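K.L.:
Now for the letters of each chain:
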Amino acid sequence: MRTFVILAVFGGGLAHATLGQALRIADVAPDIPLIVVVLLALRRGPEFGCGAGFIAGLLQDAASGGLLGVQALTKAIIGFVIGAVGGRLRVSQPLVQVPGLVLLTIAEGLARFTLLKLFRFPAPFGDLMTYVVVPQALYNGFLGAALVLALAWAESMRERTS
Amino acid sequence: MKIRAVVLLGTVAAVCLLLLTLQMRGHAARASDMLAVVTTPVQSALARINRTTVGVWSTYREWKNVRAENRRLREEAQQLRIEALRVTETVEENQRLRRLLALKAAMPLTTLSGEIIAREWGGWVRSLTVNRGRADHVTRLTAVIAPDGLIGRVVDVRPGASIVQVLTDPASTVGAHVVRTRTQGIVEGEARGTIRFKYMARDGSSIQVGDLVVTSGGGGLFPRGLPVGRVRAIDDRGSALFHYAELAPAVDFARIDEVLLIVGEGAHDVAAFFPEPSN
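Residue numbers (numbering that gives the first Met the number 0), protein chains in the order written: chain A, 0 to 161; chain B, 0 to 278.
Be a bit skeptical, because a hint or two may be false.
[As the list claims (entries may be wrong)] Listed next, with one range per pair, are the computed distances between beta-carbon atoms: (1) B:GLN77 x A:VAL133: 45 to 55 Å; (2) A:LEU117 x B:VAL36: 23 to 33 Å; (3) A:VAL133 x B:ALA13: 46 to 56 Å; (4) A:THR113 x B:ARG66: 27 to 37 Å; (5) A:ASP26 x B:ILE48: 21 to 31 Å; (6) A:VAL133 x B:ARG70: 37 to 47 Å.
These are computed hints drawn from the structure, not numbers from a lab. Small disclaimer: the values here were computed from a predicted structure and weren't measured. Cβ atoms here follow ideal geometry from the backbone N, Cα and C, with glycine treated the same way.
Model the full structure from these sequences, guided by the hints.
P.N.:
Right under this line is the structure:
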């Protein structure tokens, strides 16, 4: 399990820049590390979510060539918050998963934009939300829900065989 | 919530903000370089895996496309082949009908065109069924011809069809003569599907291989001058009363599809309307 977590965090962070292109639909790519961080935070709590978010985000920053620390911070916050409040949410329902991931992606986008604005990021808010954050949020919502269902199915199969 | 978690978040936030501040002041090159030492090899490996996977997938898709295209092209080739055969068939039919029409228009005879709808090729009987019958005023013993020469005579008339006894029928006999020598004789059909010319021995020695044999017009059944066949071999029986010559029929009965039935007066010499069959 530990190996899987390490692979998920490190692999997710780096695979996004390298392999994310293959998952592009109409020039929109999902934020795989964010989905991984959310799933891990829900299972392991705020500390793990925060750490996983920091590492995955930092690797993502390094891999994408952006400012180091932007996604590290936003994903660490997302991981922490989800890890803290996740226990109170019925996250096993797809009706919660899809909008939940959509809202989290938008929240992460807003946080990233705010942080970047502090460091003189020039892109306008409206364009960024319309063409980048919202389409990616929708993609994340459906991909994340599918991933949750696939994991649940894999776990039930494993329990049945053991 | 545990204090430890909040401390962790605070530390992470502090590290990130410190990193960002350092980068904005131009001191982050070393941090980036250190991270690149870890990330670059992993990214290279992932890119290689990605390229290989995508390559295999592309090859598979191309192979599938090639296979589908191959199937499509094969079907297209098949269709074109059928189309070409149909065109060839139509052209050949057109040529045959043109020849038949030209003959019908040129001859001073009343004729009726007909199409072969069946063939009896067993050996006991050799006949063709033509789609003209009693309704078309066809009568028994009507002569049936093709642009190359004589085919035979009608032996049975039905409401919508007629049975034509072909020259090669063992029961078929036609009065004929050799064009070059005027040697008179009878053309008979044989069971093996050939025809022979039976003639008097007295002037038989003058017949040669390749001589054209045409109808003599005796009896008024067939017009005079219709090509029957060409001498292929001579059977000289010495002092016998009759000699025989094997003939190659002027008409290829197996390949004929359209015919003319001579329904009117047949007492004419029509030799001029048939071109000399080639050897």
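K.L.:
Give a verdict on every hint.
P.N.:
Hint check:
Between B:GLN77 and A:VAL133 the C-beta distance comes to about 53 Å, which sits within the given range of 45 to 55 Å. Under the hint 23 to 33 Å, the C-beta atoms of A:LEU117 and B:VAL36, about 29 Å apart, fit the expected range. Separated by about 31 Å at the C-beta atoms, A:VAL133 and B:ALA13 break the suggested range of 46 to 56 Å. In this structure the hint that A:THR113 and B:ARG66 lie 27 to 37 Å apart at CB is violated, the actual value being about 54 Å.
Between A:ASP26 and B:ILE48, the C-beta spacing of about 23 Å keeps the proposed range 21 to 31 Å intact. Hint check: A:VAL133 to B:ARG70, Cβ distance near 44 Å, so the stated range 37 to 47 Å holds.
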